[in-house]
Amino acid sequence: MQAKTIQAPVWKRLSLQVWDFWGWVTLLVYVFLALFIVYPLFSLMATSFYDENGVFSFQNYIDFATLKYFRNALWHSFAVSGLATFFAILIGVPMAYVTTRYNVRFKGLMHIMIIMSLVSPPFIGAYSWILMLGNNGFITNFLRDIGIHIKSIYGMHGIVFVFTLQLYPHIYLYVSGALKTIDTSLEEAAESLGMSAWKRLRTVTLPLIFPTLSAGALMVFMASFADFGTPMLIGQGYKTLPILAYEQFISEMGGNAAMASTLSVVLILCTTMILFAQRYIVSRKNYAMSGMRTPKVKQLRPLPKFLLTLGALAVVSVSIIPQATVIVTSFIKKKGPVFHKGFSLDSYREILFRVPKAIINTYTYSILSIVIMVVVGMLVAYILVRRKSKLTAAMDSILMLPYVMPGTVLGISLIIAFNKPPIVLTGTWIILVIAYIVRKIPYTIRSSTAILHQLDRNVEEASISLGVPPAKTFFKTTARLMVPGVASGAILSWVTTINELSSTIVLYFGATATISVTIYSEVFTSNYGTGAALASILSLTTLVSLLIAYFVSGRKEMNV
Amino acid sequence: MQSVTFEHVTKYFGQSKAVNDAHFKIEEGEFFTLLGPSGCGKTTLLRTIAGFYKQEEGNLYFGDRLMNDVPTHNRDIGMVFQNYAIFPHMTVFENVAYGLRARKVSKKEIEERVMEALEMVELGHLRDRAPSNMSGGQQQRIALARAIVIRPSLLLMDEPLSNLDAKLRIKMRSDIRKLQKDLNITTIYVTHDQEEALAVSDRIAVLSEGRVQQIGLPHEIYSYPSNRFVANFIGTSNFVHGTSGQYNAATGSAKIGVQGMSKTMKLTSSYEGEVLISVRPENIGVSVQRGHEEELAGEVETVTFLGEKVSYGIRLADGQKLEASVHSVEPRRMLREKMSVFVDLRLDRAVIFDETGKEAVYRASQDDSSAGLETA
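Going line by line, the protein sequences match chains A and B.
If you read the first sequence in the numbering used here, its first letter stands for residue 1, the second for the next number, and so on.
If you read the second sequence in the numbering used here, its first letter stands for residue 1001, the second for the next number, and so on.
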């Protein structure tokens, strides 16, 4: 017998009866995605195919391919990202191995400090290394006074240095997670077969953690490839693609939106390619592990233990230096932009007097964004997990797009899309909030889907069967049970939102400036004291948020 | 109290039919069990009744009301799940009060009805406790109280006892049965445990691969399975190959032959050819000396002492194996391995299927068996 038509006819599926609460949520999310991700992306691509006279052409792409200026930027981007990833692995893997496998001391402290250095405002690292190692940095000056001249931080090596120190925590966090859950009997099997410790590490342990390691490496590469602040501050002549896109867009000689779009499209193509490359490699090398027997921590004799602790602490200390520098600098006495001996609150007084709006803006926009992100994130997670269909799978893919869109690119695409009717949003605070939501909501969605997978579906079905409609059931039972899990992702969304620079710098104008763009302009006009004070406010907020999350979620591990 | 009617209900998962043309009626106040192995569609059918799934074909009625497009929360049902599905963020009392609050029942009445329900499941003393640390049995009692407190027209239970340990399961199932009869709520109960189904149900529907195989009273299902699947799934059955021949249309009887032995029996349909004879182990007579003509020769292969009964594995002369069980014999009278025995299949108590095992051509009718009881 032939199978009958399985699906109800289209008109029946679209009839009002199937439009329950979740149907409407799905529709609204799609409208939002279409409006603020898909439409800007298409506008961006469309713009890249027009020359300055509004005529369709491939001129921009031809320019990109033929002009050395552009090609160099692409090469620079790949070079700094590649090197930063390489060095981050070089530091991150041993750090993870030492802290998970040996009984070194101060593990908890190091863990918090490593996370702190990861979530600090991305350009603060660059900025404080300038304070130390710049042309007028205090280490530079100190060394010059005793007769040693060192190369300043400016340039490519500086970018790689700052990226490495800031981003190796990704590798550390991913790899230590994998090392803790690895099935140690595999390692023991290797040992029983007569493998030396080093060879065992190379032939068994590292291949087993490779998928996780590559996920961490992808994070490092994407972050450094997309970063705007660091190369802008310390690259000086060394320009990467995001900088070029920004400069083309906001140029004093009147921006070239078409070329900026072209560069943005190239950026997206590169990041997409890398994302797929990583997925492809991992898909071929993924090992399922039962992890029934997790590795034991090896007890070291006092001397090796002391040396390893010292080494690990040294790495962590160097990576936390930027935060410390910024905080100390913010309290240094100064006259105008010039520093004097002694401490004072001058810088703080000055920012409260001069840029209170930036502080208010940062918190109002971020709070508004995070509230929307949590509500929408939980609803979206619900649709993705509980209402699985082709429609929601497509939604999931669209939500991945912001991963491959560097902040600058997202900013440019939003301006191109919304600087002309039917919808004009440029110059408003709304466009900033939209940018924050689009860029940072994936963290919240990811943690929400994770917790939802653990929740028993029958609990909400029990509620519905007792006569409570699905929407009300969600808010009365499911949402409440999700909260602890959602918190860990929401805190990341929040922390990265208050620190956001790369899309804000494209989208803000005078009245909507936030702390991060104000720091950026303060540093550019050499007002290091006020910049440091503003940065300290951000760092303090970040630290407090993390600590609150740490205690509220009651978990021993912060997963980033 | 509500009757439930299925009208050619079919539910697809992708290309396959999880429920295939369900067409029957559950009566008011009935304790009705959907029984079958995992993947047979029993839970799917239950969830279709609840409204969590919607059938692609056919109609579902509660009483006279067509339910196809009525969402779950308007179906006035109480449901009990395998994994309890207690609201972990509420106390025992709040859990049970949840459905009443949704129905805007007054505070005073909620208090009374919740306590009444909690007393019924013997949990009144734990009303203000958090349920998370309670035992599985207690959690399932909360779930039961939560489902009955709203006085639903229909109580649905999805393998409610399978996460509990064996002793508790037996106590809980008689509690559930008593509660159902006291409250007189139409109850639909899903289980894969045939003993549980036989113990609690008014009627049972046996399902396999999405299809209802047989609906009947517990003892009907056990004694007169309508096909090979049911005979095999409920209890233990021996399947013996035989033949049917010389069908006589006038008397409706044919000659059933097994290994040279033959017996004339009245069939329900005119079938000639290979047959499959299903015989319960306890219906097989085993003796050391030949009693009468219809007995078959065999040899005892295994002897398993099970306390209240002894189970013998017997190999017939043609190599077919049988399991026969004999009630509490004295140890010294037990048969031993390698002994030659004579086996009486007692064909009149057996069920005879056609070659495929899909249809019964002979079933001892109920009237016969009850008549037999009276004369015994």
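In case anyone wonders, no lab produced these hints; they're calculated from the structure.
C-beta: ideal position from N, C-alpha, C; glycine also.
Among the clues, some could well be false.
[As the list claims (entries may be wrong)] Under the rule of at most 25 Å between Cα atoms (straight-line distance), these lysine-lysine pairs were calculated in the DSS-like manner: (1) A:Lys390 - B:Lys1108; (2) A:Lys68 - A:Lys239; (3) B:Lys1321 - A:Lys476; (4) B:Lys1321 - A:Lys472; (5) B:Lys1107 - A:Lys388; (6) A:Lys472 - B:Lys1108; (7) A:Lys476 - B:Lys1167; (8) B:Lys1025 - B:Lys1181; (9) B:Lys1054 - A:Lys472; (10) A:Lys298 - A:Lys388; (11) B:Lys1321 - B:Lys1255; (12) B:Lys1054 - B:Lys1025; (13) B:Lys1025 - A:Lys476.
[Stated by the list, open to error] Some chain B residues close to chain A (C-beta under 7 Å, calculated; not the full set): (14) Tyr1061; (15) Phe1062; (16) Thr1072; (17) Met1079; (18) Asn1083; (19) Ala1085; (20) His1089; (21) Gly1099; (22) Arg1103; (23) Val1105; (24) Ser1106.
Going down the list of hints, with the structure as the test:
1. A:Lys390 - B:Lys1108: violated (48 Å)
2. A:Lys68 - A:Lys239: The hint holds at about 12 Å.
3. B:Lys1321 - A:Lys476: The given pair, whose Cα atoms are some 60 Å apart, is violated under the 25 Å limit.
4. B:Lys1321 - A:Lys472: Distance of about 60 Å is beyond 25 Å: violated.
5. B:Lys1107 - A:Lys388: Violated: Lys1107 (chain B) and Lys388 (chain A) sit about 39 Å apart, past 25 Å.
6. A:Lys472 - B:Lys1108: holds (24 Å)
7. A:Lys476 - B:Lys1167: Judged against 25 Å, a Cα distance of about 36 Å means the pair is violated.
8. B:Lys1025 - B:Lys1181: holds (19 Å)
9. B:Lys1054 - A:Lys472: holds (21 Å)
10. A:Lys298 - A:Lys388: Not OK: Lys298 (chain A) and Lys388 (chain A) at ~45 Å, beyond 25 Å, violated.
11. B:Lys1321 - B:Lys1255: holds (23 Å)
12. B:Lys1054 - B:Lys1025: Holds, because 18 Å separates the two Cα atoms, which is no more than 25 Å.
13. B:Lys1025 - A:Lys476: violated (36 Å)
14. Tyr1061: Not OK, violated: Tyr1061 (chain B) not within 7 Å of chain A, min 18 Å.
15. Phe1062: violated (14 Å)
16. Thr1072: Because about 5 Å separates Thr1072 (chain B) from the closest Cβ in chain A, which is inside the 7 Å limit, the hint holds.
17. Met1079: Holds: closest Cβ of chain A sits about 4 Å from Met1079 (chain B), inside 7 Å.
18. Asn1083: holds (6 Å)
19. Ala1085: At about 4 Å, which falls below the 7 Å cut-off, the nearest Cβ of chain A leaves the hint on Ala1085 (chain B) intact, so it holds.
20. His1089: holds (5 Å)
21. Gly1099: holds (3 Å)
22. Arg1103: holds (6 Å)
23. Val1105: violated (11 Å)
24. Ser1106: It is violated, given that the least Cβ distance between Ser1106 (chain B) and chain A is near 16 Å, above 7 Å.
The earlier numbered hints that this structure contradicts are 1, 3, 4, 5, 7, 10, 13, 14, 15, 23 and 24.
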